[in-house]
Each structure stands twice: as structure tokens, then as C-alpha cells.
Amino acid sequence: MSQVNLLPPDILQGQRYRRLTLTVLAAGAIVLALIVVFFFIQVGRLGAVNDDIAAKEQTNAELQSQIDSLQKYDDLQTQAQQAQTQLDAAYAGEVSFSGMLMDLSRVIPSDAYLDTFAATITGPPAPTTGGTTTTTTTTPLIGTMTTGGQAIGFDSLSIWLTRLELVRGWVNPWMPTITANATVPNAFTFTSSVDLTQDVETPRGRGEVTAGG
Amino acid sequence: MDNRRAPLFAGLAVAGVSILLILLLVLPKMGQVSQAQQQLDQAQGEQQTLESRRSALEDAKAAAPQARKTIAEVHRRIPPTADEPGLILLLQNAAISAGIDLVSLSPGTPVLDTTSGLSKITVGVSATGTYFDVTDFMYQIETLPRAAVVTNLSLAPGEASQTGVPLLTLTATIQTYTSDTSAGPGSEPGPTSGGNA
Chain A
23 MSQVNLLPPD ILQGQRYRRL TLTVLAAGAI VLALIVVFFF IQVGRLGAVN
73 DDIAAKEQTN AELQSQIDSL QKYDDLQTQA QQAQTQLDAA YAGEVSFSGM
123 LMDLSRVIPS DAYLDTFAAT ITGPPAPTTG GTTTTTTTTP LIGTMTTGGQ
173 AIGFDSLSIW LTRLELVRGW VNPWMPTITA NATVPNAFTF TSSVDLTQDV
223 ETPRGRGEVT AGG
Chain P
5 MDNRRAPLFA GLAVAGVSIL LILLLVLPKM GQVSQAQQQL DQAQGEQQTL
55 ESRRSALEDA KAAAPQARKT IAEVHRRIPP TADEPGLILL LQNAAISAGI
105 DLVSLSPGTP VLDTTSGLSK ITVGVSATGT YFDVTDFMYQ IETLPRAAVV
155 TNLSLAPGEA SQTGVPLLTL TATIQTYTSD TSAGPGSEPG PTSGGNA
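Keeping their order, the protein sequence lines are chains A and P.
Position one of the first sequence corresponds to residue 23 (my numbering), numbered consecutively onward.
Position one of the second sequence corresponds to residue 5 (my numbering), numbered consecutively onward.
Honestly, I wouldn't trust all of these hints.
[What the hints assert, rightly or not] Interface residues of chain A toward chain P, partial, derived using beta-carbon atoms under 7 angstroms:
1. L47
2. V53
3. A55
4. R67
5. A102
6. Q108
7. L109
8. T213
Just so you know, the hints here were simulated from the structure itself, not pulled from any lab data.
Even for Gly, the Cβ is constructed at its ideal location relative to N, Cα and C.
Model the full assembly from the supplied sequences, consistent with the hints where possible.
Written out as C-alpha cells, the structure is:
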């Protein structure tokens, strides 16, 4: 059996357009609803972020308050550092003269004695700059020590010079004058000198010791 | 005719309203959220900085006893005034302890060293004693409670002692210090300093 559609085509088409219009409106309503939902999500996020900001600001204010109360310890630390710097400056380049005299008594040969001694600490020389090059020495000299005395025989004089150089920080031993003693046979009057390097400085003089510790 | 265009108009109306909503509501709100997020990031960064600073200060607080000890020790070694009477007594006690006889003391006028901010007092010392007494005297000077640095020492033969031991004549230059930047005759009385005495 064949079916016969009695509905006029224009009415059928009108119904299709109405359905299409309703579909478009329904889809539009969904889109609008989604936009509104998205908007409210943003409102919620903004509120949450603002709450976080307020909490952070509160935390930061508390931290700042704690920092303000602890600031005095920072000032104290600065004062201690300045004081330590002053002490380091005061002791800079210190040499132990007692140690120097002890070393001297250890190295002098048994058949020699000293009758004069002089030591001067001048400190390291200022670095000289010439043009773009800087001249520095690996072991800057900080002073000199000169001695004078009597010794029996040239062997003793030689041993004296050799032993002078064995002491740490004593370099360039030199004996500028050797004079035979007119009254004692084989005896000689001598003068000698050594240069002193930074190795003779005390740990305190090198700034390696801190006060109070 | 109207029915045919109705879906189109509906679509256009929905699109128009959607665009309006996005432009007038959503985008400004998203901008506000973005701006607030930046503020939050900034606050978080500030918090980290402050926490780091607080941590450093807490370390400084923990080190405070040591810092006080250092300051006290430095003030003991570098007094806030020249304190010449104390200096003379220290040197005299060192000489007595070492067993040498002080012949002369000549404390110089304090001179301000602008580099270190300290006033330097150069003391010339002359004394007599045996070699090992002189050595001990040097040790006493090096271990004085006040900062003292020997810069020059010379020894020369002296008279023999009553026991026959040869005596040496000692001449030394000793540097001592005060944090008083204006010390000595003609200076402003009392301690003065560059700000940290």
C-alpha cells in the first residue's frame, strides 16, 4: 500500500524552520549559559585570588614585623664585623719577635755569638703598576733582620749563613763584612742580614684569627 | 519569507548577545583575575624575600652571643680611649714578668690612621736584660690583653749583671691602638669614634 502525504508542502517547510529556529535558540541558550557559568567561575577565581593576596599580605606584614624586631641582631653583626676588621687592621703584618729570637738562638753555631741584633718590620711593599701591567712578587718582603757578632773560622760563618736560610720566612741571607779579629786567632767579626717574608707573620698578622673565637 | 530567516536571526541574536556578554562581562573579569594573579605572584615573591631575610636575621640572632663576645674582645684589645695609665702598667707588668728592667718608655702622641679608623700610639721602649729575658718580654708584649705589635727591635751589648751573665740593651718600637679618633694632648676629651666604638 502506498502512503499519501496530505500536508501541504509550505506548512511542512514552516514547521521545519520553526524547529530549526528553536534548535538555534536552544543552542544559543546553552552557549549563553556556558558563558555565564564561565563568568561566575572567573568571579569565584577572582575572589579566591583576592583572598590569597590578603592572606599573603597578612603573612608579609607579620614577617616584616619579625624582621623589624630582629634587625638589631643584624646591626650587632655589622658592628662585630667592623670591630673584627679594626682588630685585623691593628694586627696586620704582626711578626712574633719572641719566635724570631728563639729561632735565632737555635740556628747560631756553637762557636759563634752575636753582639748586635736589629729587626725592622716595614710591611709589604705597595704593588707598583706600570701602564697596564702589574708587577708583583710571589713572596713579598716585609722587613729585614741584621745581626753582628764573632765566629771562629770560616766554616762557622758559612754554617751561620746556611742555617739562617733554613728558618721559614728568612730569605736572602747575606754577610757583607767579615773582618779578622786582631787579638783572637782564627776569629772573625761579621755582620749579616736576612730579608723577612710574609711567612714570618703570625696567623693573627695574616688575619686568620677571629676575636672571641 | 519570515519563517525562512528566523533561524538566521535567532543565530545572529544569540551570537550578538554572546559577544556582548564576553566583551562586557567575561573579558573584564578575566583581566581582573589576571591582574590579581600578578599581585599574588608579587606577594609570593615578596614573601620569599622576607622569609629569606628573616632566616638570615635568625642566623644573626643565633650568632649574637659570639658577636657580642667579639665586640667585647675587640674593645678590650682596642680600648675606646688611649688609656695611657693602663698601657704603662701593662708594659711594666710585662717587664716584671719577663725579668727585665725598663729604662725608658716614650709613648708618642696618638695619630689617626684614616684607613683603619684607629689612632695609633707608637711607644718606644728601652730596657736591659738577658737574651732570654728579652725573648720572654717580647712574648709578654705579643700576648698582652691590649693589641700591641712590635715593629722594630734592636739589641746591643750592655753591662754584665752581678751574676756575670751578659746583659743586653733592648730598644723596641711597639704599636698600640685606640678606637678614639681624637686622642692625646690637644684632642677632644673622652672617646670619639667614626661610629662603631
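T213 of chain A as chain P interface residue, shortest Cβ-Cβ below 7 angstroms | Not OK, violated: T213 of chain A not within 7 angstroms of chain P, min 13 angstroms.
Given hint V53 of chain A near chain P, where the shortest CB pair must fall under 7 angstroms = Holds, about 6 angstroms.
Supplied contact hint for L47 of chain A, tested at 7 angstroms Cβ to chain P = For L47 of chain A, the interface hint holds, since the closest Cβ of chain P sits about 5 angstroms away, which is under 7 angstroms.
Taking the least C-beta to C-beta distance, is L109 of chain A closer than 7 angstroms to chain P?
-> This interface hint holds because 5 angstroms falls under the 7 angstroms limit.
Hinted contact A102 of chain A with chain P - closest CB pair below 7 angstroms | holds (4 angstroms)
Interface hint compliance - A55 of chain A to chain P, C-beta minimum distance less than 7 angstroms = Given a least distance of 10 angstroms, the restraint on A55 of chain A is violated.
Hey, does the Q108 of chain A contact hint survive, CB to chain P under 7 angstroms?
-> holds (6 angstroms)
Could you check if R67 of chain A really has its C-beta closer than 7 angstroms to a C-beta on chain P?
-> Since the shortest Cβ distance to chain P is 5 angstroms, the answer is holds.
Of the numbered hints given earlier, the model fails hints 3 and 8; all others are met.
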